[in-house]
Structure formats: structure tokens, C-alpha cells
Amino acid sequence: MDKLLSGRRVLVVEDEMLVLIMIEDMLADLGCTSVTSAATVDKALALTNAQVFDAAILDINLNGHDSHPVAEALSARGVPFVYSTGNTDHGSRNGYSGRPVLKKPFKFEELVAILTRFKLAPVER
Amino acid sequence: MIQEKVRATVSTTCNQIDRPWHVGNNEKVCQQKVAEAEVESFRKDLGPFVVAAETTRMAMVFTDATKPDNPIIFANDSFLSLSGYDREEVLGKNFNFLIAHGADAEALTRIKSEFEGSSGSGAEVLCRREDGGEFWTDVFISPVRDEGGDIVQYFASFVDLTKHKEDEAQSKMLIDELNHRVKNTLSTVQSIVWQTLRSPSDPKVVRESIESRLFALSRSHDLLTREKWESAGLLDIVHDALEPFGVSGGRADRIAVKGENIRFPPKSALALGIAFNELATNAVKYGAFSNAAGSILIEWTMETTPTGQRLLLNWEEKDGPPVTPPAHKGFGSRVIERGLAHELEGTIHLDYRPDGLVCTMDIPLLRGTRDG
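Protein sequences, first through last, are from chains A and B.
When the letters of the first sequence are read in order and numbered with my numbering, they come out as residues 1 to 125.
When the letters of the second sequence are read in order and numbered with my numbering, they come out as residues 1 to 372.
Treat the hints as calculated values from the structure; they're not laboratory data.
Possibly wrong hints are sitting among the right ones.
DSS-like cross-link-like pairs, simulated, lysine-lysine; straight-line CA separation at most 30 Å [as the list claims (entries may be wrong)]:
| id | chain 1 | residue 1 | chain 2 | residue 2 |
| --- | --- | --- | --- | --- |
| 1 | B | Lys112 | B | Lys163 |
| 2 | B | Lys228 | B | Lys165 |
| 3 | B | Lys44 | B | Lys183 |
| 4 | B | Lys329 | B | Lys204 |
| 5 | B | Lys329 | B | Lys285 |
| 6 | B | Lys228 | A | Lys103 |
| 7 | B | Lys285 | B | Lys318 |
| 8 | B | Lys93 | B | Lys204 |
| 9 | B | Lys93 | B | Lys112 |
| 10 | B | Lys163 | B | Lys258 |
| 11 | A | Lys107 | A | Lys43 |
| 12 | A | Lys3 | A | Lys107 |
| 13 | B | Lys165 | A | Lys107 |
| 14 | A | Lys43 | B | Lys204 |
| 15 | A | Lys43 | B | Lys67 |
| 16 | B | Lys183 | B | Lys172 |
| 17 | A | Lys107 | B | Lys204 |
| 18 | B | Lys258 | B | Lys318 |
| 19 | B | Lys183 | B | Lys258 |
| 20 | B | Lys267 | A | Lys107 |
| 21 | B | Lys228 | B | Lys183 |
| 22 | B | Lys93 | B | Lys165 |
| 23 | A | Lys107 | B | Lys172 |
| 24 | A | Lys103 | B | Lys112 |
| 25 | A | Lys3 | B | Lys44 |
| 26 | B | Lys93 | B | Lys44 |
| 27 | B | Lys44 | A | Lys103 |
| 28 | A | Lys119 | A | Lys107 |
| 29 | A | Lys103 | B | Lys183 |
| 30 | B | Lys267 | B | Lys285 |
| 31 | B | Lys163 | B | Lys204 |
| 32 | B | Lys204 | B | Lys172 |
| 33 | A | Lys43 | A | Lys3 |
| 34 | B | Lys228 | B | Lys285 |
| 35 | B | Lys165 | B | Lys183 |
| 36 | B | Lys228 | B | Lys204 |
| 37 | A | Lys43 | B | Lys329 |
| 38 | B | Lys329 | A | Lys107 |
| 39 | A | Lys119 | A | Lys3 |
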């Protein structure tokens, strides 16, 4: 039986290597075999412009830099994404524009719930 | 009474010098003269107290409560140095001219209630300096009454809050940063637990590998704390990561470390510390440290390329048991090849040569990471 992310391409923008590895494993458990990652705003933007993604997980703070430009690029391309953040009060600063948020550390089940709500269109074969 | 007299005198003078085509300007000059004269009368009235007010380090002004716009009639030197204005620019002006954003209704209300004596605790106000700069100050206002109990003047003192506000902002930033760091560290720990539990092992092995990784994190934190979380040198990162593996103990003569103490920012230092811990753990389990003869050479150089400086590092094991590539990529090799390469935006390669593991790192150095 197909899993939630079978055949999906997911972009993970995350600057902590151990957190990235865990997210990759979580996504792999959901059937995702194509995970692309970026640790910086520049690389994330380059990837967003060059490739097609079905969904993305976006860390708000990339080594002190706000990942907002990446959020804009993803929105412009209609890629559904979820923010992840270690900040506790970020919402009050610039809001999440209605996007779902995973507060680190987050549970596998929380990620699954959010990805399920994305209601991704069937994979074309 | 003296003031009344002075005012009358000055008014007469003003009328004499009045010119119809310069009414506005002359009115101003006139007001100023009135104010200056009032300060003089003030000086006569209060004697030593005026000297005290003039020389104290606390910024203060007096205003004339009998005039509708409550003009400033006295300003001491501390006030002038705090605000940057000359005395002539201040005297005769409405008290509110100091407010940085004149339209700031809230600030005006705070000052009004301070004048009315209803705040009792002073008003925090953002003021404008002569040069356009702004400063926060606590304003305390008390009325000065005449014999009949009528308010004739207001006395206002200012406590400069600039330093306090800076400290406040700084500590808020530090707390935010600390919170962020704690949450990220907790995520990192979650990842370590998650990863370690993915490969089926007996509880003792699981506990030991979780501990080994947590202690590696902890040692990197210690190193960065000693360096005030500014940066850490590569020699120190390597040394501290290998400490539990006997770099300065039993295996000291089997480890050679050669390279400059290139500085890395905290996040990169943490990542490198974790990676070296994984390499050393692997060496103890399967590599050069799993027998009595093996040794490890860790060597690095810096190379200048058109895109900037790069670190070229070699971790070379020899004289250990014959090496065979692992059937599955474990946590260690993923952290090194995938994780570290990702976080430092470099290329890391693990080469399982039969005569010993070789790990090569090619990592871009950000500007300023090198030790002067």
C-alpha cells in the first residue's frame, strides 16, 4: 500500500545537521525517497527555483538568518510548506501567514498530521 | 513678586524694539528675554539651591506654570549635555518640544498625567536630541507652589535610560538566543535518541552510544563556553573530541594532529565536534584503535581558491585490522558524509580502504573564520 509520501519530492530547509537527518528518517518512514536539503537561504532559493517539490519543511531561523525569502518563493510556486522553529515567540514578530508550525522539538505524529492536512494531489504515473 | 517685576521690565523693552515687519521673530526674541530674565530672578530667589541645580549630574529644568504653554525657564548643564541643545534653544520652549515624536499621543498623555501629579512614578518618554538622535528618559515632575498654594512653576528631572534600554535589549536578545539554542539542542538530542534506537541493539549498547554522543555535545559546549561562544579553534575541537579516546592519555603516541588552529563559528564547531566523535568511535569499534598497533593521522591545510579559502582535512587510519566497507550506512557515516557536508556546505568523503579508513573534508571557510 502507498504511504503518505510515496513518490513525493520534499525540500527540507534546516541548518542543524542532526535535526535534518532525523527529519529525513521521518520522511523516509512516510515513504518519501526523494529528500532535498538546504542549510542556507541562498541554497534553498536556488533549489526552489530549479526543482519542483510537492511539499517543504522550512526552518525559520537559518544560522541567524530569517528564511522569509524562501517562504515567499515557495508560496509563489504553490508548494505547501510547514515552518519549523526553535523560537517560542516568533509568531508575534511577523506571523506565520496562516502556515502550520512545528515547534522544535516536535513529534513524528505532529509532522504526519500536518503533512496529511496538505492533501497532496495523487502522484502522476 | 520679583518675577512679576522682571516680566514687566522685559515687556517694556520688547515693546520698544518691536518692528511691525518682524513681529514673529521679535516675539520669539521677546519670549526668550522674558525667560532669561526670569532665570535671573529665580537665581536671586533661591540662591544656593540654584547652584546645586545647575551643577548636579541629574538633568533638570524648571517651567513657568503661570504661562499657558508652560515654557522652560531654567535648564541646567546636565540637561543641556543630555539633550545636546544650547541654553538659548531651550529657554522659552514648551516642555513637550523634547518628545521625539511630537504626535505621540501616548507620550503626551504620560507627561500630562505626570504634570498633574497622578502618575507618581515618573513617565518614560522617548526624547529627541538636538542632533536628531533619540534617547529614553524617565521624567519626574513636581509642582512648585507659592505662599498661597498656587502652582507657579514645575520642576522636572530626567533620568537617562539609554544605557538601561540598551542593557534591556541586550538581555532580551540573549534570552531569545538562549531559548532558541535550548530548543535546537533538545531537537539534536531527540535526533540522537531517534537515530540510536533505529538500529536494533541491546539496551547497554544503546545507552552507551546515546551517552557517548551526548557527552560529545557537552564537551563542544564546554569548549565554546570557554571561548565565550564566539568561535573555536580546529586544534581545540579535534583535541576535545578525541579526549575520551585517549588523545592525551594511553593513545597519545598513536594520534598525530597537524594543522593551524583555524577558527570556526559556534555552530560549525559543534557539528565538527560531533563528526570527530563519530570518527573516533568508529576507530575504536572497527578501525585503528580496535587493535594495539593502529594509528591515526589528522592533518589539514588551507587552500585559497577563486571562490575563497577552503579547509582540506584528512583523517587517515593505518595499521588497524583490514577494513571492509559497511553493508549499511550507520548513524556515524550519515552524520559525517551527509550531515556535516550539508551543514558546512562542503564535500566529505569516507573511503573504506583495506589498510585503513580515510576521511577527506573539503570545507569552505567563511570570511573571518581564520585565526588572525
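Hints, one by one, checked against the model:
1. Lys112(B) with Lys163(B): The hint holds at about 25 Å.
2. Lys228(B) with Lys165(B): holds, 23 Å
3. Lys44(B) with Lys183(B): violated, 65 Å
4. Lys329(B) with Lys204(B): holds, 21 Å
5. Lys329(B) with Lys285(B): With Cα atoms ~15 Å apart, lysine 329(B) and lysine 285(B) stay inside 30 Å; holds.
6. Lys228(B) with Lys103(A): holds, 27 Å
7. Lys285(B) with Lys318(B): The hint holds at about 14 Å.
8. Lys93(B) with Lys204(B): Violated: lysine 93(B) and lysine 204(B) sit about 79 Å apart, past 30 Å.
9. Lys93(B) with Lys112(B): holds, 16 Å
10. Lys163(B) with Lys258(B): violated, 46 Å
11. Lys107(A) with Lys43(A): Satisfied, since the Cα-Cα distance of roughly 27 Å is no more than 30 Å.
12. Lys3(A) with Lys107(A): holds, 18 Å
13. Lys165(B) with Lys107(A): With Cα atoms ~39 Å apart, lysine 165(B) and lysine 107(A) exceed 30 Å; violated.
14. Lys43(A) with Lys204(B): violated, 41 Å
15. Lys43(A) with Lys67(B): Measuring from Cα to Cα gives roughly 65 Å; hence the hint is violated.
16. Lys183(B) with Lys172(B): Holds, at about 17 Å.
17. Lys107(A) with Lys204(B): This hinted pair holds, its Cα atoms lying about 25 Å apart.
18. Lys258(B) with Lys318(B): Cα-Cα ~16 Å, so holds.
19. Lys183(B) with Lys258(B): violated, 35 Å
20. Lys267(B) with Lys107(A): Given pair lysine 267(B), lysine 107(A) holds - Cα atoms ~24 Å apart, limit 30 Å.
21. Lys228(B) with Lys183(B): holds, 20 Å
22. Lys93(B) with Lys165(B): holds, 27 Å
23. Lys107(A) with Lys172(B): Measuring from Cα to Cα gives roughly 28 Å; hence the hint holds.
24. Lys103(A) with Lys112(B): Given that 30 Å is the threshold and the Cα spacing comes to 44 Å, the pair is violated.
25. Lys3(A) with Lys44(B): violated, 91 Å
26. Lys93(B) with Lys44(B): holds, 22 Å
27. Lys44(B) with Lys103(A): violated, 68 Å
28. Lys119(A) with Lys107(A): Holds, at roughly 20 Å.
29. Lys103(A) with Lys183(B): Holds: lysine 103(A) and lysine 183(B) sit about 9 Å apart, inside 30 Å.
30. Lys267(B) with Lys285(B): holds, 27 Å
31. Lys163(B) with Lys204(B): violated, 54 Å
32. Lys204(B) with Lys172(B): Measuring from Cα to Cα gives roughly 42 Å; hence the hint is violated.
33. Lys43(A) with Lys3(A): At roughly 29 Å apart (the allowed maximum being 30 Å), lysine 3(A) and lysine 43(A) satisfy the hint.
34. Lys228(B) with Lys285(B): Measuring from Cα to Cα gives roughly 34 Å; hence the hint is violated.
35. Lys165(B) with Lys183(B): holds, 27 Å
36. Lys228(B) with Lys204(B): Distance of about 35 Å is beyond 30 Å: violated.
37. Lys43(A) with Lys329(B): holds, 26 Å
38. Lys329(B) with Lys107(A): Holds: lysine 329(B) and lysine 107(A) sit about 24 Å apart, inside 30 Å.
39. Lys119(A) with Lys3(A): holds, 13 Å
The earlier numbered hints that this structure contradicts are 3, 8, 10, 13, 14, 15, 19, 24, 25, 27, 31, 32, 34 and 36.
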